[in-house]
Amino acid sequence: METPLTGNIRPDREPPSLKEYEKSGGYRALARVVSGLAPAEVTAIVKDSTLMGRGGAGFPTGLKWSFVPMGVDAPPGPRYLVANADEMEPGTFKDRVLMEGDPHQLVEGMIISAYAIQATTAFIFLRADYDLAEKRLKRAVAEAYEAGYLGKNIMRSAYSLEMYVHVSAGRYICGEETALLNSLEGKRAIPRARPPFPQVSGLFGKPTVVDNVETLCNVPHILANGAEWYKSLSLTAIGGTKMYGVSGRVNRPGWWELPMGTTVREIVEVHAGGMRPGYALRGLLPGGASTDFLVEQHLDTPMDFTSIPKVGSRMGTGTMIILDGKTCPVAFVLNLLKFFAHESCGWCTPCREGLPWVARIVKAIEEGQGEARDLSVLEEHCVALAPGRTFCALAPGAVEPLQSALKYFREDFERHIKERGCPWRAA
Amino acid sequence: MPLEGRVTTIYIDNLPYGVKDGQNLLQASLTLGFNLPYFCWHPALHSVGACRQCAVKVFKDESDTRGRLAMGCMTPATEGTRLSIEDPEAKAFRAGVIEWLMLNHPHDCPICDEGGECHLQDMTVMSGHNYRRSRFRKRTHLNQNLGPFLNHEMNRCIQCYRCVRFYRDYSGGRDFNVFASHDSVYFGRYEDGALESPFSGNLVEVCPTGVFTDKPFKEHPTRKWDLQTAPSVCTGCSLGCNIIVAERYGEVRRVLNRYNADVNRYFLCDRGRYGFDFVNSQRRLRLPLVDGRELVPEGSATQALSATEGGSPRPAPASSEAKGAVVRRAVARARDILHGSRRAIGIGSPRASVESNYALRSLVGPDNFCDGMTSGEHRLVGMMKDIVASGPVRSLSLAEVERADVVLVLGEDVVNTAPLLDLALRQAVRTRPEAVAEQLLRIPLWDDRAKREATQGKQGPLFVATPYPVSIDDIAVKSYRLSPDDIARLAQAVAYAIDPEGIAPLVGAADPLHVVAETIGGSLGLAARPLVIAGASLGSEAILRAAANVATALAKAGKKDAGLFLVAPEANSMGSALLGGMSLDEALEAVRTGGADTVVVVENDLTSRLKEASFRALFDSTKHSIVLDFFRNRTTELAEIVLPVATFAESSGTFVNNEGRAQRFFEVVNPDEIVSASWKWLGLLSGRGTGEEIAWDTLDDIIARISEDLPALAAIGSAAPGARDVPQVHRVPRDSHRVSGRTANVASLTVHEPPPPRDLDTPLSYSMEGSPRGRIPSSLIARIWAPRWNSVQALTRFQEEVGGPLKGGDPGALLFGPASDRTRAYFDGVPEAFAPDPRRPLAVAIRHVFGSEPLSALSRSVSERIPSRYVGITPDAARSLAVADGERVEVTVRDLRMELPVRIMAGLAEGLCALPEGLPDMPYVGLPAPAGILKRTAP
Ligand SMILES: Cc1cc2nc3c(=O)[nH]c(=O)nc-3n(C[C@H](O)[C@H](O)[C@H](O)COP(=O)(O)O)c2cc1C
Ligand code: SF4
Ligand code: SF4
Ligand code: SF4
Ligand code: FES
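Protein sequence lines, in the order shown, are assigned to chains A and P. The first sequence maps to residues 1 to 427 in this note's numbering. The second sequence maps to residues 1001 to 1939 in this note's numbering.
Heads up, some of the hints might be wrong.
Claimed, not checked - Each computed DSS-like pair below joins lysine-lysine, with the alpha-carbon atoms no more than 27 Å apart:
1. Lys326(A) / Lys407(A)
2. Lys363(A) / Lys1478(P)
3. Lys1060(P) / Lys310(A)
4. Lys187(A) / Lys1060(P)
5. Lys338(A) / Lys1458(P)
6. Lys206(A) / Lys1458(P)
7. Lys206(A) / Lys1138(P)
8. Lys231(A) / Lys1060(P)
9. Lys231(A) / Lys47(A)
As the list claims (entries may be wrong) - Only part of the chain A face toward chain P is listed, based on derived beta-carbon distances under 10 Å:
10. Lys152
11. Ser201
12. Cys345
Hints are computed from structural coordinates only; laboratory data are not their basis. C-beta atoms are modelled at their ideal positions from N, C-alpha and C, and glycine is treated no differently.
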């Protein structure tokens, strides 16, 4: 089984230095790109590879790049590539692994991607708490400059690129790509409406592509080995491997790079070693806190961008959170809702006002103060905070665990209300 | 309804409608008269999609029955768009938005100053939400003291972000922001303190709830429906912004914006909004004075009735007969004087109406009429009038300024001389970058945030040449700090750059100003709608001449849409100038050598225009003086007879703004039988013979006389309908149809319901009855209200289209015809280069939005924001004088010696010092003039 993304990663040890990275084949893809491929050819290869964005939405990466106006259509002035390394989705830590474990891989992926859209400047927008990643990325960027992979005339080509590591001030909404751009500009981190899309009017009003760290880390390998190779890594129609992760009461919580389309069951039972003794699996959030619950009956679903939606959830970041049989689902959901209510940017009414209300209701239920009519208010919110009704995707994501919890664990909510307290705590 | 531009068909709830291309669905729906609720959208601030209140259902096509919710304000109205406002899901969602907003709202309407004219109330009712389901505690905020103009009650906030968008994005303010996030976002200042922006008062109207309300208004809380209101015109500066003045119990309570698509549109400045309080000043005159003694109507006590409330002293009610007797006595005395006088000189005023000035002119005769301006001011305003009336370039309206694409500002510190011009320029500099964004990125003009993100605050070319730093430096591509003469020379060099054939270069063609002028001229030459701004504030005719030359050069270069904007000193400077009188200095001369023994002064405190010696000389050398004014000042003190006149709030008349637009203001306070308009008093004085017959009785009469007499002013009649044009039953009511306690108001005096006061001068009535709302001509709009729309947001119901002209066209009459067939040669006379003299810097005038205009300075709220006098000097001068900021120096200008604290002004042009003109504690100096500055030695 090939693990291109994590092949260089040695957990708990220093990441590969530039020399080591080069020895393992690093920067060879870049050399090939800057010496012989036109930007459009790079984009075409990435399109062919079927690479889909790993930030959560699963948008085809090559297609996204192709929206950047090029050639005669291109507005004058700079253009930007941004690596979204904000990774504040609860339960998600895959980008951290990649950045801490093999920073040059991200840097190379960014240079190639930047070349494809002819970006002049690249930013790594890094989560505030990722100190170690910051240190390692900064070192890698410095090494890349020194080696001529960054700066003027990269590898003696006509292409030049500046790269900066920008550490976020620490808000979940900064991961939303347009809020990220505002934050990077020094403004309040509130999302922007689309259209215009960032590819047309992004950072500082210039064409910009925002890609997730994992997405970008795939790029050097696609360029080194070709689209066909990349597709062959996957078990499904969408190519590549995927960083999967599991947290919760399993025997071996952690991350694994596996073929795209590995089933949920294999990830949980084989790689994570199954549930810890005495704990049963009650449900799981497949891709971070803003995805709908899956339950036992969905375990044989392949974890990919097309299969998971068919069973009513999203692959999201591909890092699961397990709800076990000894944890109160109401408290579990409450914990997430509090997070989302607090992280609302405050721009649009449904999210700013709706989420705190929902969180208070769930809190009341959890504390035994629930009322029968509460459930219908909660259900209304699951509809009222749907995509298109709120300004950005934060609120729709925030109600996904709630809406599926109301479906799969409704009984628990009802018992809380009827028994005026948490049956789990009483037990 | 005729609309310009392409028309698109959209379907609302399955019926087809034609709407103007390029609008969004909310704009289109409101224009069509639908009741679609909204909060964050504002017709001038446009769409941001934050509140989600304007949700509608949008369908892909005819066969789509499911549709999807979309925000009306963020969805373009394109050909064939199908939407439903009535869709149950959309309605439920809109009600839900209100429910969310109400979660933390205090529901304190009964004690909220916004109550009854609150957009949140209206939208709540419109959405149908009424039942509170949340049982949780509300979040609360601390309020701030934001100075004399605004209350701050943050708990009422619904987080629509309008305030911060207006304050920062639209008007360039810096000391106000949105803080924190999620459900505790906070709108205010970093710390307590007066809001710095001179446009802060607009938050009263911009904020859809009771967070920002009018502070002076709160002193005597009154509901909107209990206010007596009338359309009026601001007296604060020469721009003539349209306002609605509101009265209760004989006092003016507040001023609100009155939309005029050609002039102020949605906004006012704080001088205009809060300056009205001079009307209620303690210094108001209520009775005639003869030889310094009040003529008190028989049977009236003179105690101050409402003085306890901080109002102005007013005589206790006296009978009509007694009051009539007082008027007759005063008039008889004045007539005796006039009949006995050899020659009476009439000194008018640029702050008095056209009618009052004209009345004075006909009382004393055209040869004895003085327009009340100093010779400098007289020449400047006369020249301005000439330039805009006969030059080849049109004088632009304020609204047109917003659309100019390259601007050159010569000498004017706009925020302090014509405040709203600052706001208009802030919009003008956005037009070009936004047009590019629209073209290149297809960002519709209403998509405010996308526009701003795409343009990144990029600004179109604005060039500024002033003696000292000014507010618009932050939006200028380049600011130049020059003496008045050098500003004129720069402008002349710009004219040369545009038309090197027609204009001579500056003496010494190598003058470095030519290099600068090359850039400016080049930029103006590339503009579609270039604009040149100048004015009277530096007292320089050379600047005006050169500004006119730049405009003429642009016209010659084929710029059909080139424009001029000349800022005049006062609200009716243009109107006074059109009457063609002599200047104040000539009037003094007439008194000294021309045999005049009587002066009649109308609404002009001459100490603000004459040096102390000349002022005294005037009164010493005339035998008789009759002064008409509304407040006690040095001039009324010296008069033999003082007649108490009505302010703009108690009388009606016409002002001509800087553009040449005649605009009518209407009385809103029922005038006392004694206090009346100057033109009325003067009518009484001019009656021939000994009887009671007078020259004119009503406003219609005098306007008709003016139109016959003076062709230049003939059009003022069409500024608004006259009383005669509107039948009694169609008079516009000054009271709302909901006015409460109509009969109770006077119950303490009489149990009978007195008949409403008669108003023979205007097409308005002191009553709640009259013309149905839909039939009111735009010049007579007395309040902004429509069924279901109780707040100022009802304005869309008065407009032909959202943001467009008022139904039936915007009010006002332009007195100057089209520029197309005018030709005028270039002016000549270019000053020599300014030679700085470090020992005698040239003192130039600097003005302050709060303080430099004498009437608004009497307002209690405005007075809190008035700086005290100072002298501005350059850092170099401070160094050589060895003085620090705030230290006192002795300043000698002409023969005046003052001790003033120093303000070190970085950026003040070399060789200049600045003196604040018009501040209450600043005597008249007559600037510019060389000054001597000495460090004060310790006493
Ligand atoms: C509230 C919110 C938070 C997000 N946080 C992240 C994040 O931390 N990292 C990330 O890569 N994408 C995040 N996204 C998704 C981004 O908006 C964007 O889709 C992504 O960066 C695109 O990259 P991709 O195409 O490579 O997936 C978030 C989206 C939302 C709505
Ligand atoms: S849904 Fe609205 S309030 Fe919530 S984060 Fe997005 S824009 Fe902000
Ligand atoms: S203070 Fe008023 S204008 Fe500002 S956000 Fe709140 S409700 Fe809107
Ligand atoms: S800009 Fe002038 S006319 Fe307009 S409100 Fe202010 S003072 Fe009045
Ligand atoms: S008015 Fe449309 S979202 Fe606020």
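> Quick one, is the Lys152(A) hint okay against chain P at 10 Å, beta carbons?
Replying inline: With a closest approach of 26 Å, the Lys152(A) hint is violated.
> Is Lys338(A) close enough to Lys1458(P), meaning Cα to Cα at most 27 Å?
Replying inline: The hint is violated at about 40 Å.
> Does the alpha-carbon distance linking Lys363(A) and Lys1478(P) stay inside the 27 Å limit?
Replying inline: Since the Cα atoms of Lys363(A) and Lys1478(P) sit roughly 58 Å apart, the hinted pair is violated (cutoff 27 Å).
>> Just to be careful, I want the Cα atoms of Lys206(A) and Lys1138(P) compared with a cutoff of 27 Å; is the pair within it?
In response: Not satisfied, since the Cα-Cα distance of roughly 42 Å exceeds 27 Å.
> Can the restraint linking Lys206(A) and Lys1458(P) be considered satisfied, given a maximum Cα separation of 27 Å?
Replying inline: With a Cα-Cα distance of about 13 Å, the restraint between Lys206(A) and Lys1458(P) holds, given a limit of 27 Å.
>> With the threshold set at 27 Å, check whether the alpha-carbon distance from Lys1060(P) to Lys310(A) stays at or below it.
In response: holds, 25 Å
> Are Lys187(A) and Lys1060(P) close enough, with their CA atoms no more than 27 Å apart?
Replying inline: Answer violated: Lys187(A) to Lys1060(P) is near 36 Å, above 27 Å.
>> Against the 27 Å threshold, does the CA-CA distance of Lys231(A) and Lys1060(P) hold or violate the hint?
In response: Measuring from Cα to Cα gives roughly 36 Å; hence the hint is violated.
>> For a C-alpha distance cap of 27 Å, please report whether Lys326(A) and Lys407(A) respect it.
In response: holds, 19 Å
>> Please verify whether Lys231(A) and Lys47(A) have alpha carbons no more than 27 Å apart.
In response: Holds - the C-alpha atoms of Lys47(A) and Lys231(A) are around 11 Å apart, at most 27 Å.
> Is the hint on Cys345(A) kept, meaning its closest Cβ partner in chain P is under 10 Å away?
Replying inline: At 6 Å from the nearest chain P Cβ, Cys345(A) passes the 10 Å test, so the hint holds.
> Against chain P, is Ser201(A) within 10 Å by beta-carbon distance?
Replying inline: holds, 4 Å
Checked against the numbered hints listed earlier, the structure breaks hints 2, 4, 5, 7, 8 and 10; every other hint is satisfied.
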